[in-house]
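Generate coordinates for the entire structure from the input sequences, incorporating the hints supplied.
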Amino acid sequence: MTHAEKIINRFGQVEDDQKYTKLVDLFTDDAVYYDPFAGAQIGRQAIFEFMSEMERVIPKMGVYFSDWETSADSHVGWAKWNMVVPLNQVNHPISGQSLYRLRDGKVCFVADYVDAVA
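Take the sequence shown: its letters are residues 0 to 117, numbered as in numbering that gives the first Met the number 0.
Treat the hints as calculated values from the structure; they're not laboratory data.
Since this is a predicted model, take the numbers as computed values, not measurements.
Please note that a few of the clues may not be correct.
Unchecked claim - Straight line, CA to CA, 30 Å or less: simulated BS3-like cross-link-like pairs of lysine-lysine:
#: 1; residue 1: 79; residue 2: 5
#: 2; residue 1: 18; residue 2: 5
#: 3; residue 1: 105; residue 2: 5
#: 4; residue 1: 105; residue 2: 79
Now the structure itself:
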């Protein structure tokens with residue numbers, strides 16, 4: 000398994016306890032994390048603040064991410080996942096994907112998006 004694969008897999012593994020701030024140290028100081036709902040988070044501090052908010056909000060909403068599938072080479076990667084949203088006691092999976100770019104062994108760019116039909 001490449002270094003990039005190990006890092007990208009950690010994004011899926013964090014779903015076990017939804018402690019998203021564990022991911023912050025994986026980013027470069029000038030990283031960009033693009034979330035389809037919150038927009039671009041620029042810089043490690045902004046990413047930390049975003050991940051802190053995710054830790055607070057996501058578990059309360061009952062939302063979780065499942066069915067992670069990842070692929071990577073030495074400096075770029077991709078993940079496919081489902082964001083499961085409970086509504087009226089029924090779980091609704093929304094398909095999404097993430098694109099990753101690494102620089103010097105750290106994540107410098109992530110773009111998450113949900114599939115258009117969602």
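Any hints from earlier that this structure breaks? Give me their numbers in increasing order, please. none
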